[in-house]
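> Now for the letters of each chain:
There are 6 protein chains.
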Amino acid sequence: MRPSGRTAQQIRPVTITRNFTKHAEGSVLIEFGDTKVLCNATVETGVPRFLKGQGQGWVTAEYSMLPRSTHTRSQREAARGKQGGRTMEIQRLIARSLRACLDLKALGENTITLDCDVLQADGGTRTASITGACVALVDAINYMRSKGLIKVNPLKEMVAAISVGIVNGEPVSDLEYIEDSKAETDMNVVMTEAGKFIEIQGTAEGEAFSYDEMQSLVEIARHSIKELIDIQKSALA
Amino acid sequence: MRPSGRTAQQIRPVTITRNFTKHAEGSVLIEFGDTKVLCNATVETGVPRFLKGQGQGWVTAEYSMLPRSTHTRSQREAARGKQGGRTMEIQRLIARSLRACLDLKALGENTITLDCDVLQADGGTRTASITGACVALVDAINYMRSKGLIKVNPLKEMVAAISVGIVNGEPVSDLEYIEDSKAETDMNVVMTEAGKFIEIQGTAEGEAFSYDEMQSLVEIARHSIKELIDIQKSALA
Amino acid sequence: MRPSGRTAQQIRPVTITRNFTKHAEGSVLIEFGDTKVLCNATVETGVPRFLKGQGQGWVTAEYSMLPRSTHTRSQREAARGKQGGRTMEIQRLIARSLRACLDLKALGENTITLDCDVLQADGGTRTASITGACVALVDAINYMRSKGLIKVNPLKEMVAAISVGIVNGEPVSDLEYIEDSKAETDMNVVMTEAGKFIEIQGTAEGEAFSYDEMQSLVEIARHSIKELIDIQKSALA
Amino acid sequence: MRPSGRTAQQIRPVTITRNFTKHAEGSVLIEFGDTKVLCNATVETGVPRFLKGQGQGWVTAEYSMLPRSTHTRSQREAARGKQGGRTMEIQRLIARSLRACLDLKALGENTITLDCDVLQADGGTRTASITGACVALVDAINYMRSKGLIKVNPLKEMVAAISVGIVNGEPVSDLEYIEDSKAETDMNVVMTEAGKFIEIQGTAEGEAFSYDEMQSLVEIARHSIKELIDIQKSALA
Amino acid sequence: MRPSGRTAQQIRPVTITRNFTKHAEGSVLIEFGDTKVLCNATVETGVPRFLKGQGQGWVTAEYSMLPRSTHTRSQREAARGKQGGRTMEIQRLIARSLRACLDLKALGENTITLDCDVLQADGGTRTASITGACVALVDAINYMRSKGLIKVNPLKEMVAAISVGIVNGEPVSDLEYIEDSKAETDMNVVMTEAGKFIEIQGTAEGEAFSYDEMQSLVEIARHSIKELIDIQKSALA
Amino acid sequence: MRPSGRTAQQIRPVTITRNFTKHAEGSVLIEFGDTKVLCNATVETGVPRFLKGQGQGWVTAEYSMLPRSTHTRSQREAARGKQGGRTMEIQRLIARSLRACLDLKALGENTITLDCDVLQADGGTRTASITGACVALVDAINYMRSKGLIKVNPLKEMVAAISVGIVNGEPVSDLEYIEDSKAETDMNVVMTEAGKFIEIQGTAEGEAFSYDEMQSLVEIARHSIKELIDIQKSALA
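Residue numbers (numbering that gives the first Met the number 0), protein chains in the order written: chain P, 0 to 236; chain R, 0 to 236; chain Y, 0 to 236; chain Z, 0 to 236; chain F, 0 to 236; chain W, 0 to 236.
Okay, chain P solo, but in the shape it has when bound (with noise of 0.2 angstroms):
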């Protein structure tokens, strides 16, 4: 029986809305249960300096956790003076999934930036992120086609991601902070809504896993990720 008297595969109920802030040309609040994560995409001309002049464009994110989004308080990383291993680790997977979504050609010399910060943290903040970023990314894609910064959509198709894992010997989705600081193995996936893989992550926090249990973990998140894109195209509606 999970804390949260959900089923195995049963994820938290989750809430997308649209034009959170006003400034940004994509700002989703995404929540999974207590998960709050405020997604917001800019826009900008140009590319980073690696990409100059080779007519293609670029998605970057970036990630932070407000100081109190957690049990206790996190020191800020802007007082530390740097952003420590974790939030460099999730910011690229942010970056490369929504990288995957993207004819990067058709997006032209512009570079998309998502900014990931969480507001609330019960777990799972960096799958949150993505499936949040990816709606973000959506509304930016559409400002830019509105405005005809843009001539053909440079969307491929959409991502969600999920966070599966093993608690209690059992596989489970979506894991809230209770279930996430006692699993045996995390495991993060990150697909495309046609079921393939962008992403697959898999830790032992504890006990080496086998095989068998890596492909239950597989098959659940699969499950997750395809209503987490219905929810987003409801979204998008």
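To be clear, the hints were calculated from the coordinates, so they are not data collected in a lab. Be a bit skeptical, because a hint or two may be false.
Unchecked claim - Straight line, CA to CA, 30 angstroms or less: simulated DSSO-like cross-link-like pairs of lysine-lysine: (1) K181/F / K146/W; (2) K51/F / K150/F; (3) K51/Y / K146/P; (4) K146/Y / K181/F; (5) K181/Z / K104/W; (6) K181/W / K104/W; (7) K51/R / K81/Y.
As the structure is a prediction and not an experimental result, all values here were calculated from the model.
Keeping the supplied structure of chain P fixed, place chains R, Y, Z, F and W upon it in accordance with the hints.
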């Protein structure tokens, strides 16, 4: 005629939402029109080194704008590796203002940190931060009393703050961004509910301002702060 | 009775030594009693990036205290790897104040940097910095005119600054350290020679201050700044 | 046909040189073809602050590439003043993988640091680091046992890691740089000698990858890791 | 013929002003012609961690040039966020040289910090710093003895330093900036009053220098340092 | 009797391995007994900004010790976020020494960077770095000539360096760590093959050293450097 149709002394609609997030001991979303700041108060045992063993508490503050809280995206300070001068100036002001609310001896050797994170900016973020942080501080104090962490109520009185300025030659209250960006003089005032000053900061943006202009700015600030303190009290009722 | 035997409105002996060092285009040692600040003005061609091509100049400032300018040694900011919040706040104030002296259009695309380095501190270092930097700025302007770098004199009017405060319940001018450390209210005022305000910053250190106290602080500041401007003019004569 | 003439499943010649340097408690030079990583294990008394008093040890790792280990010179991270995101991601992966080898309780309050410095890079540096660091860790453990620093052998089982990927549509093992740079999918797998997973990280570089592709990558990884563990054991024999 | 009309061995007029500022335990302004360095000595209880409990004291130094001590303005190191290599090299040299003056055991567990801040630079700032810091150190030692902080005088002997070099093929003493910038060889020598060496650093700027040139540089350095020690002693008399 | 049984003037066995890694234009592993330094030379088009358009090249150097190249582990400078003073001092010395080898005009607007990474330390790492880097520099120059990047050979002459010192009252050459740690005086000498000085740095570690001691140290350094230059030439033959 002001862009919003407000009279010179009229402040924007102010909304105070308590318990906006679930982990912080005090969590307030304050909105002054389109300016939205999340003010989280964290209670921690102990005091900074310079106060150790003196039997008193401390209040500190951190301020940050989400990168896309503004019209164009600003670089994330955590990514730049340092907080800018404006950020430091503002968080020092917030902390000084809130320390003035409390009898630090009655707080015991505890520290309250006020994190003011601007979700959306439209002028007056520092004064909204002070006004919202004061409510979060009261909630944190109430939490401490309910847990028996302090015996005596350390709250001396409420404080609130307003930004006033001279726009097109006329003194007006609660400037929104479009006014702020062309104000000739800008003044931030922090006052107590008893109508005394905690802080007054007037700055000539273009031309120097006269004694009479200074007087009329102070006058409308007093008036607006009285209103704000009523709103704070209703929110806490 | 003040520690120095001065009357409430009496400022300390002020000495202005021009050409204190030989390389800078303006170099002023200003002394307010035992507070000694070296103010060097540097003229450089060009402006910061955000002003390029706008046909106007810029004035910026940096402030620092020598590690042992104070009673006990402070850590050197270069060794800590960053400037503190107080330093940033002060150098932003100095720069804003001095920009108010000049018609930046008349300055052309040139930048003047004011380096204010405190050799010895005894209260009022930021206001001494502004007062001394204004004289160094005039010398730098004169240098530019003598070299034909600018045609029109960009100087609008002189500015000077004073620290006033309430000590033992009485408003006094030009606080020295021993007074400053126990002041109930502290106010820094920057004014032009025409008697208008550039900046006014009043802070309650302990108790909040009343409207009447604010008024009397402003009054003695006006009086002292008039004196300072006479001293500046004599030094420049 | 692979550039090196290898079959799809064939790994490069792997050489493990123990005691490569003389000061470290474990010092291994591992070579996967032209990829050469020096893995030094350091034993130190005590644990990081968050573990103090819990009666368990810790394993941590640092990773760095010599500036000219690559085709073109990369800037030295010490000179840039910070470690990049890729470095942080890799050193976190190495540490997690090696912690999985040990019973941290049996290690006592001691810390083992694994420094993996890439002398020459030709693809697969992170997986070579893990495979080499495991041997250095065993030597460090043996040192501790010979000095009586620990009573019980904390080693649970060996781990090794391999990089696999899809190149020209075919799953291949142990990618060298020229293959890695054009791989469609890249997967790093860390496994125990019992054939269980410690970590699996698959990333679509261009197109998303299918379930079947994922399966075949895992399959060849298992095969290669078994070979690597045999090589580790021979080296330790 | 030297630019100043000096003979090859002739040093510039040297002035030593003690008690230049009032807070430091030793405060010396030293001038070698137009080179002016403020050397402040601070006495603090305790020693750095690596010396704790060894019953000996420590001497450390920091060096900085005011941004406009030079012909053109240099960026402030505190603003850059780090001290440059030249600064570090110089402050290490100053500290080593001054430690050689003292019996560190006799100093007890106290630390003396020598802050050498260059107010105006015209060549030879590091050797002027050492020569001035030695006088400030003696004043600090005298302060400690007068306060009873130490029983025995830890001063072994005075040290002084000079910059010598080969300019236009001729060895000369105490190079001013215009000579230094075209010197073929530059040598800094630190000696004790007994005529022994603490440090000798000779650098070929253009062509390598011969054994005979090295000898003649050392010879004139010995001569000049003897003069400097007489000047130090007169200042202290 | 020296710990190694060597005579006073005898240097350790020196081994020079060229092409130690495959990417760098010059790659040398130099060993002085147990001191092992990898010296990689990188050729890049262009020069630092301060040299642009002057038709000359540049040589720069970076130095680092692997964390566990020493008896106990040192913190990695990339993790600390800055290079220490010793590192900066050494890399400046290496660069100055190697610039002395070349006619920078003949190098054209190209930059050669010498990365000296200490794999194992046993005294004399900076002088081993210079001696090894000179060989790597020659290989890089040969590479440039073979590729037609330069017409004329910019190499003026070889340089080599040795560490000498006074240990137990006797001047000895090529100190290993155990001698270095108890040396009374330590001197690093860099010379050209023509027997002239590039750099001489003598430091009293405990007692000041006499003129005669200085002379005898220089004498044995000259002798050892002659040997080293023969070894360099054999390696290059």
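> Checking each numbered hint in turn, tell me which of them this model violates, lowest number first.
1, 5, 6
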